[in-house]
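Colleague: Listed below, chain by chain, are the residues.
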Amino acid sequence: MDEEPSSYERVAYKNDSVYHYMKICLIFGNERKPLSAEQFKQLIISGLKELYGEVGAAFPFDVLTFDQFVLSAILRVYNNGLVKLWSALTLIGSCENESCAFRVTQVSPFLLALSGNSREMEVQ
Amino acid sequence: MVRIKYRYLLCEVCVSERSGLQMLAERPIYDALRAALGKAHGAHGAALLSVGSSVTYVNAYTGVVLLRFRKAHYRLLWSALPFVTSIWSRGQKVPCFFNCVHIGGTIRTCQKFLVRYSRQQLCRMLPHCKTEAEKQEVRRAVLSCSLNKFREEEEDNDFGEDGEETEA
Chain A
1 MDEEPSSYER
11 VAYKNDSVYH
21 YMKICLIFGN
31 ERKPLSAEQF
41 KQLIISGLKE
51 LYGEVGAAFP
61 FDVLTFDQFV
71 LSAILRVYNN
81 GLVKLWSALT
91 LIGSCENESC
101 AFRVTQVSPF
111 LLALSGNSRE
121 MEVQ
Chain B
1001 MVRIKYRYLL
1011 CEVCVSERSG
1021 LQMLAERPIY
1031 DALRAALGKA
1041 HGAHGAALLS
1051 VGSSVTYVNA
1061 YTGVVLLRFR
1071 KAHYRLLWSA
1081 LPFVTSIWSR
1091 GQKVPCFFNC
1101 VHIGGTIRTC
1111 QKFLVRYSRQ
1121 QLCRMLPHCK
1131 TEAEKQEVRR
1141 AVLSCSLNKF
1151 REEEEDNDFG
1161 EDGEETEA
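Sequence lines, in order, name chains A and B. First residue of the first sequence? That's 1 in the working numbering, and the numbers climb one at a time after it. First residue of the second sequence? That's 1001 in the working numbering, and the numbers climb one at a time after it.
Keep in mind that the hints were calculated from the coordinates and are not lab data. A couple of the hints might just be wrong.
Claimed, not checked - Think about it this way: if two alpha-carbon atoms lie no more than 35 Å apart in a straight line, the pair counts; the simulated DSBU-like pairs of lysine-lysine are:
{"#": "1", "chain 1": "A", "residue 1": "Lys49", "chain 2": "B", "residue 2": "Lys1093"}
{"#": "2", "chain 1": "B", "residue 1": "Lys1112", "chain 2": "A", "residue 2": "Lys84"}
{"#": "3", "chain 1": "B", "residue 1": "Lys1005", "chain 2": "A", "residue 2": "Lys84"}
{"#": "4", "chain 1": "A", "residue 1": "Lys84", "chain 2": "B", "residue 2": "Lys1071"}
{"#": "5", "chain 1": "A", "residue 1": "Lys14", "chain 2": "A", "residue 2": "Lys33"}
{"#": "6", "chain 1": "B", "residue 1": "Lys1005", "chain 2": "B", "residue 2": "Lys1071"}
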């Protein structure tokens, strides 16, 4: 096969993505039974409602994947709502009278970036 | 040069019966605003209200309220005004509605607008007058609308008030 030297082309994206993707994990103080995806989303909405009111709770975000045993999820939110969502997640302290906390592992404007994580990467 | 900038919202309070207007006071209006903000914009909105906002002027006879907000976040606080449905004053609940007519950077510009606006309202009231004496009163009030040193406020016809601006 003929291989020609590929021409070098540089493409620069200036924040091309409309969304931001967050990989988060919910941690409880005590052991409890797993949550469903709907309850998980309802918990985040209640946190948004407490901090930003009805207007804030109406802001659209999506739960793309959810693992109900590990309680980790990937959220998708519009760019202008990232700060509100992240601050509301930080301030959620309890779920049905049980203390819990959200850990935000990764945030990226591109979904592909969430597939790799240098913290958990094992180098052979 | 370096000063804190405010936005003054000139609002007209619309109540269903006139006796409710007597209940207007600064504190009940502020509490009603904070409750509406807490519902609409949550803890963030209620906290923004506590920074540099106040009810500057309340006129119980004409139902004019002047609210002061910081310039940085006055739009968010303005958006919560339609959510105020009633005011609790002296143990009574007065259903009311805030109608924002003007936003000014200083109290003086709001006053100038209020004089012009009151004159238009008086002219609109003229066809509704029932007796000739009331019509004379209204005409006199319209001609004398101005920012003067000190003028007494007078009630002229059934529909109540004239809009003369009083300056203390």
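Colleague: Kindly indicate which numbered hints from before are broken by the structure, ordering the numbers from low to high.
Modeller: Hints 2, 5 are the ones this structure does not satisfy, whereas the remaining hints hold.
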